[in-house]
Amino acid sequence: MTERMGFFTDTSVCIGCKACEVACKEWNQLPDDGFVFEATSYDNTGQLGASTWRHVAFIEQTRTVRMKEDEGDSGVDRWLMSSDVCKHCTHAACLDVCPTGALFRTEFGTVVVQEDICNGCGYCVPACPFGVIDRREGDGRAWKCTMCYDRQRGGLEPACAKACPTDSIQFGPLDELRERAEDRLERLHADGRSEARLYGESPDDGVGGAGAFFLLLDEPEVYGLPPDPVVTTRDLPSMWRWAGAAALSVAGAVAVAFAGGFAGFRDGGRR
Amino acid sequence: MVPEAEFRSYYGRPVIKAPIWHEPHMPTYLYLGGLSGVSSMMAVVAGFTGHHRLARTTRVAAALGAAAGAGLLAAELGRPERFLNMLRVFKPTSPMSVGSWILAAQGGLSAVAASSELTGSLPVVGDAAVLATGVTGPLTATYTAVLVADTAVPAWHEAYRELPFLFAGSALASAGALGMLATPRAEAGPARAVAVLGAAMETVSGVVMERRLGQAAEPYRQGRAGRLMRSARALTAGGGLLAAVAGRSRTVTALSGLALTAGALCTRFGILAAGRASAADPKYTVVPQRQRLDGERPA
Numbered sequence: 001m002t003e004r005m006g007f008f009t010d011t012s013v014c015i016g017c018k019a020c021e022v023a024c025k026e027w028n029q030l031p032d033d034g035f036v037f038e039a040t041s042y043d044n045t046g047q048l049g050a051s052t053w054r055h056v057a058f059i060e061q062t063r064t065v066r067m068k069e070d071e072g073d074s075g076v077d078r079w080l081m082s083s084d085v086c087k088h089c090t091h092a093a094c095l096d097v098c099p100t101g102a103l104f105r106t107e108f109g110t111v112v113v114q115e116d117i118c119n120g121c122g123y124c125v126p127a128c129p130f131g132v133i134d135r136r137e138g139d140g141r142a143w144k145c146t147m148c149y150d151r152q153r154g155g156l157e158p159a160c161a162k163a164c165p166t167d168s169i170q171f172g173p174l175d176e177l178r179e180r181a182e183d184r185l186e187r188l189h190a191d192g193r194s195e196a197r198l199y200g201e202s203p204d205d206g207v208g209g210a211g212a213f214f215l216l217l218d219e220p221e222v223y224g225l226p227p228d229p230v231v232t233t234r235d236l237p238s239m240w241r242w243a244g245a246a247a248l249s250v251a252g253a254v255a256v257a258f259a260g261g262f263a264g265f266r267d268g269g270r271r
Numbered sequence: 001m002v003p004e005a006e007f008r009s010y011y012g013r014p015v016i017k018a019p020i021w022h023e024p025h026m027p028t029y030l031y032l033g034g035l036s037g038v039s040s041m042m043a044v045v046a047g048f049t050g051h052h053r054l055a056r057t058t059r060v061a062a063a064l065g066a067a068a069g070a071g072l073l074a075a076e077l078g079r080p081e082r083f084l085n086m087l088r089v090f091k092p093t094s095p096m097s098v099g100s101w102i103l104a105a106q107g108g109l110s111a112v113a114a115s116s117e118l119t120g121s122l123p124v125v126g127d128a129a130v131l132a133t134g135v136t137g138p139l140t141a142t143y144t145a146v147l148v149a150d151t152a153v154p155a156w157h158e159a160y161r162e163l164p165f166l167f168a169g170s171a172l173a174s175a176g177a178l179g180m181l182a183t184p185r186a187e188a189g190p191a192r193a194v195a196v197l198g199a200a201m202e203t204v205s206g207v208v209m210e211r212r213l214g215q216a217a218e219p220y221r222q223g224r225a226g227r228l229m230r231s232a233r234a235l236t237a238g239g240g241l242l243a244a245v246a247g248r249s250r251t252v253t254a255l256s257g258l259a260l261t262a263g264a265l266c267t268r269f270g271i272l273a274a275g276r277a278s279a280a281d282p283k284y285t286v287v288p289q290r291q292r293l294d295g296e297r298p299a
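Note that the protein sequences, when read in sequence, are chains S and A.
Here my numbering is used: the first residue of the first sequence is 1, the next is one more, and so on.
Here my numbering is used: the first residue of the second sequence is 1, the next is one more, and so on.
Keep in mind the hints are simulated off the structure, nothing from the lab.
It cannot be assumed that every hint is accurate.
Said to hold, decoys possible - Which bits of chain S does chain A cover? Going by a derived footprint, with three or more residues having C-beta under 8 Å, they are:
1) 51-58
2) 80-91
3) 94-104
4) 138-147
5) 231-237
6) 247-256
In this text, a Cβ means the ideal position worked out from N, Cα and C, and glycines have one as well.
Build out the structure end to end from the sequences listed, making use of the hints.
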């Protein structure tokens with residue numbers, strides 16, 4: 001395996017241009033996923049899905065800030081914009097639960113669906129703690145961001161990062177991105193933007209750290225991200241133990257039922 | 001009553017994707033898998049205890065349940081022609097992979113057991129197959145609980161301790177009900193006992209699950225899922241009580257068997273509906289995670 005590659009999406013410099021959405025659609029030849037007027041800010045994309053692998057969220061906030069000593073409080077609007085993407089988790093639930101081996105981990109440490117193997121069982125869809133992967137209607141298979149596996153194989157950076165005009169989307173070796181993100185966070189905090197925080201950068205979180213992580217300016221749930229995602233398979237050994245106990249109780253219940261321990265059920269049917 | 005939790009979200013949109021599994025395919029498969037698994041277990045014990053008619057009924061029920069269930073699973077796929085890709089690998093981290101192998105074994109063994117029973121040929125092979133379903137049967141009836149619990153769906157994942165017992169109880173009730181409906185009354189005693197035990201296990205584990213889940217139990221009580229789960233409980237409890245006295249009358253046997261079957265189906269449809277509802281509302285994803293984070297933070 002070569003170096004683990006990743007995305008660092010610094011939402012503090014996102015201008016909401018959606019160039020990433022367009023570049024992704026164009027490069028990956030993704031079909032449209034409906035033209036819906038969501039009536040929520042400038043976001044008519046809605047959410048990540050089978051044919052939407054980058055999604056720019058727009059959050060309009062009104063908060064009160066003190067402008068000058070003598071002017072008192074005045075309302076100021078804040079726009080949060082953030083380009084969401086598959087997190088390419090270290091412990092990826094979609095990959096764990098895929099029964100066919102269609103989902104695999106690439107030499108870049110990313111998680112990719114092999115479209116010639118996926119049989120559309122749909123198990124990865126509710127397994128993802130971020131709601132990223134989905135099945136494409138009409139096609140029947142599951143699709144999600146590949147971090148432009150084909151471009152990476154050819155030595156190019158992913159289309160979204162390439163198209164981003166403000167470098168809000170940065171692509172590179174994950175270790176390097178994490179260092180860069182720490183520096184950026186320190187600078188923002190020094191500038192008094194104490195609300196800045198990193199999301200998904202820690203290898204100690206519930207998914208073992210994300211291959212695509214973020215710098216956010218509010219709580220993750222405001223952006224539609226789960227605040228403390230945990231890979232569902234973490235509890236799998238325990239789940240099997242409970243199911244094993246239930247299986248034994250099935251055998252036990254049947255044995256008891258036939259043992260004639262219940263006088264009322266005797267039927268004289270034995271021959 | 002749990003106070004309405006305050007939380008923030010992105011325009012109230014769900015954080016996770018809801019299960020895309022269809023009705024009636026997926027819940028009916030859950031029912032048939034349970035029916036097949038427990039019928040096999042009953043066939044094993046019926047063979048040992050000399051309940052010949054019941055052994056015959058349960059062998060056939062096990063084979064039909066597994067075959068019909070596998071058919072529904074294939075129809076559920078986005079690419080049904082790639083059904084065999086399920087057996088391309090064995091992945092212990094995927095309950096669906098493990099389950100595919102369990103179901104393949106259960107389907108094959110129960111088909112051999114039923115064919116041998118009905119044709120009278122190769123009785124030793126048939127008996128060996130039925131004995132082997134003593135292992136695959138209980139697994140077929142319970143692995144599906146792990147299948148649904150191993151997702152990010154709050155109402156399912158949080159219930160991973162009780163769901164296997166709820167599924168086991170539902171499966172016992174299903175197979176007991178079919179056994180008593182399809183076997184002469186005088187020889188269906190053990191099937192009635194299985195039905196009573198199953199109804200009790202299903203009812204108790206359902207109550208325990210809803211108690212322990214707290215807020216995550218709401219989807220099991222509200223809306224369509226709530227109506228299904230309440231119907232399931234009434235039908236299962238009623239059918240179970242009737243099963244205890246069903247040895248006396250054909251009418252009571254029919255009422256009890258049908259009520260238990262309807263109850264088991266309502267349970268399976270209710271579980272899917274509750275899972276979907278808990279995925280659709282970001283509250284069930286965000287609030288517990290936020291509480292976890294805030295709880296860990298030193299005050």
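Okay, which hints does this one fail, numbers in order? 1 and 2
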